[in-house]
Amino acid sequence: MRLQVEDLTYSYGDQEAAAQVCLQVDAGEFVGLIGPNGSGKSTVLKSIYRGLTPDRGRIFLDGEDLLSMPYRKSALKLAVVGQENEVPFDFTVEEMVAMGRTPHKRLFDVDTPRDRQIVHHALEHLGMERLAGRNYRQLSGGEKQRVLLARAIAQESDFFILDEPTNHLDISYQMQIFDFIKRLNVTVLSAIHDLNMAALYCDRLYVLSHGRVVLEGPPEQVLTPENIYRVYGVRSWVALHPMTGRPSITFLPAGVQTETWRESE
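So for the sequence shown, my numbering puts the first residue at 4; every next one is plus one.
What the hints contain is simulated information worked out from the structure, not anything from laboratory work. It should be emphasised that the depicted structure is a prediction, and the values quoted were computed from it without experimental measurement. Glycine included, every Cβ here is placed at the ideal spot set by N, Cα and C. Treat the hints with care, since some could be wrong.
Claimed, not checked - Pairs of lysine to any residue residues, derived as SDA-like cross-links and limited to a Cα-Cα distance of at most 20 Å, are as follows:
| id | residue 1 | residue 2 |
| --- | --- | --- |
| 1 | Lys185 | Met200 |
| 2 | Lys80 | Gln27 |
| 3 | Lys80 | Asp65 |
| 4 | Lys185 | Pro106 |
| 5 | Lys80 | Lys185 |
| 6 | Lys185 | Gln27 |
| 7 | Lys76 | Ala30 |
| 8 | Lys76 | Gln7 |
| 9 | Lys76 | Phe92 |
| 10 | Lys185 | Phe111 |
| 11 | Lys49 | Gln18 |
| 12 | Lys76 | Val189 |
| 13 | Lys108 | Gly145 |
| 14 | Lys80 | Ala101 |
| 15 | Lys108 | Leu79 |
| 16 | Lys49 | Asp68 |
| 17 | Lys49 | Met246 |
| 18 | Lys49 | Pro106 |
| 19 | Lys80 | Asp58 |
| 20 | Lys80 | Gly145 |
| 21 | Lys49 | Lys80 |
| 22 | Lys185 | Arg207 |
| 23 | Lys80 | Arg186 |
| 24 | Lys185 | His124 |
| 25 | Lys80 | Gln7 |
| 26 | Lys76 | His124 |
| 27 | Lys49 | Gly60 |
| 28 | Lys108 | Ser143 |
| 29 | Lys80 | Pro106 |
| 30 | Lys185 | Gly145 |
Unchecked claim - Pairwise CB distance ranges, derived in the manner of DEER restraints:
| id | residue 1 | residue 2 | range |
| --- | --- | --- | --- |
| 31 | Arg75 | His124 | 16 to 26 Å |
| 32 | Asp68 | Gly236 | 18 to 28 Å |
| 33 | Phe92 | His171 | 21 to 31 Å |
| 34 | Phe94 | Val259 | 45 to 55 Å |
| 35 | His213 | Arg117 | 27 to 37 Å |
| 36 | Arg61 | Lys185 | 24 to 34 Å |
| 37 | Leu79 | His171 | 25 to 35 Å |
| 38 | Leu110 | Glu229 | 48 to 58 Å |
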């Protein structure tokens, strides 16, 4: 599953939120979108999963024009996990996960034994089967995110779009969710707020600032103190972690001086 975005542009009224964004995600990659609040990350992702219609640009999924693709077909190819969802009705956990089977059905189709088996396995994979009958709205934030991820798994798509899915969760739930996504061996494009999480899990990063891609590359090339200061306006110390081999970032408060911007060992 390969995604290619060319010159994506979208404006909210007179304000350009995404400007000529180009990016590529190859099969099996975990690619991160990072950048300050308001940099355009969610706008880009919503345009890709068709929550918004771009003003200009083209999006291809395995060579097919995604923007002209039937919605049902694109839903079979792309699964979306956003931040915690509020739902207006009292759905159970099992009912929420079963919604992931919707693209596989025609109007008025009922759940088949295979549908129920897929839903059960998705819940089981995330350790949520004991909560199948619980009201979704009564769950904790971390539990809700695992339900949304189970729903995406039940959708049986090979490409996941994640819109800061762990932004409001504690570190334990953040790592549980990203660890599980990595084990799925699917293709991923994710907006990520936490730079250390992006460094730990992503193969490549795109950095957005004021709606434009300003940097692209593997985490060790992108997440340098110079680049972090340029984009976020904060000083940092970056070292390659001896156990993970990935960049580990320490943000420095005002008044702390350092002569070495980056240490690699």
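Hints, one by one, checked against the model:
1. Lys185 / Met200: holds (13 Å)
2. Lys80 / Gln27: Status holds; Cα separation ~16 Å.
3. Lys80 / Asp65: holds (10 Å)
4. Lys185 / Pro106: Judged against 20 Å, a Cα distance of about 24 Å means the pair is violated.
5. Lys80 / Lys185: Satisfied, since the Cα-Cα distance of roughly 18 Å is no more than 20 Å.
6. Lys185 / Gln27: Holds, at about 19 Å.
7. Lys76 / Ala30: Within the cut-off at roughly 18 Å; holds.
8. Lys76 / Gln7: Between Lys76 and Gln7 the Cα gap is close to 17 Å, so the pair holds against 20 Å.
9. Lys76 / Phe92: Violated - the C-alpha atoms of Phe92 and Lys76 are around 27 Å apart, more than 20 Å.
10. Lys185 / Phe111: The given pair, whose Cα atoms are some 35 Å apart, is violated under the 20 Å limit.
11. Lys49 / Gln18: holds (16 Å)
12. Lys76 / Val189: Holds, at about 18 Å.
13. Lys108 / Gly145: violated (29 Å)
14. Lys80 / Ala101: Measuring from Cα to Cα gives roughly 17 Å; hence the hint holds.
15. Lys108 / Leu79: holds (11 Å)
16. Lys49 / Asp68: holds (16 Å)
17. Lys49 / Met246: violated (36 Å)
18. Lys49 / Pro106: Roughly 18 Å between the alpha carbons, so the hint for Lys49 and Pro106 holds.
19. Lys80 / Asp58: violated (23 Å)
20. Lys80 / Gly145: violated (26 Å)
21. Lys49 / Lys80: At roughly 15 Å apart (the allowed maximum being 20 Å), Lys80 and Lys49 satisfy the hint.
22. Lys185 / Arg207: Measuring from Cα to Cα gives roughly 14 Å; hence the hint holds.
23. Lys80 / Arg186: The given pair, whose Cα atoms are some 19 Å apart, holds under the 20 Å limit.
24. Lys185 / His124: Within the cut-off at roughly 18 Å; holds.
25. Lys80 / Gln7: Holds, at roughly 14 Å.
26. Lys76 / His124: Violated: Lys76 and His124 sit about 23 Å apart, past 20 Å.
27. Lys49 / Gly60: holds (14 Å)
28. Lys108 / Ser143: The given pair, whose Cα atoms are some 30 Å apart, is violated under the 20 Å limit.
29. Lys80 / Pro106: Roughly 10 Å separates the two Cα atoms, so the pair holds.
30. Lys185 / Gly145: Cα-Cα ~18 Å, so holds.
31. Arg75 / His124: 16 to 26 Å: Once the Cβ atoms are compared, 23 Å apart, the range 16 to 26 Å for His124 and Arg75 holds.
32. Asp68 / Gly236: 18 to 28 Å: Hint violated: Cβ distance 38 Å, outside 18 to 28 Å.
33. Phe92 / His171: 21 to 31 Å: For His171 against Phe92, whose Cβ atoms are near 22 Å apart, the range 21 to 31 Å holds.
34. Phe94 / Val259: 45 to 55 Å: Holds: the Cβ-Cβ distance is about 49 Å, inside 45 to 55 Å.
35. His213 / Arg117: 27 to 37 Å: Because 47 Å falls outside the window, the suggested range is violated.
36. Arg61 / Lys185: 24 to 34 Å: Given about 30 Å between the Cβ atoms, the range holds.
37. Leu79 / His171: 25 to 35 Å: holds (29 Å)
38. Leu110 / Glu229: 48 to 58 Å: holds (55 Å)
In summary, the numbered hints that this structure violates are 4, 9, 10, 13, 17, 19, 20, 26, 28, 32, 35.
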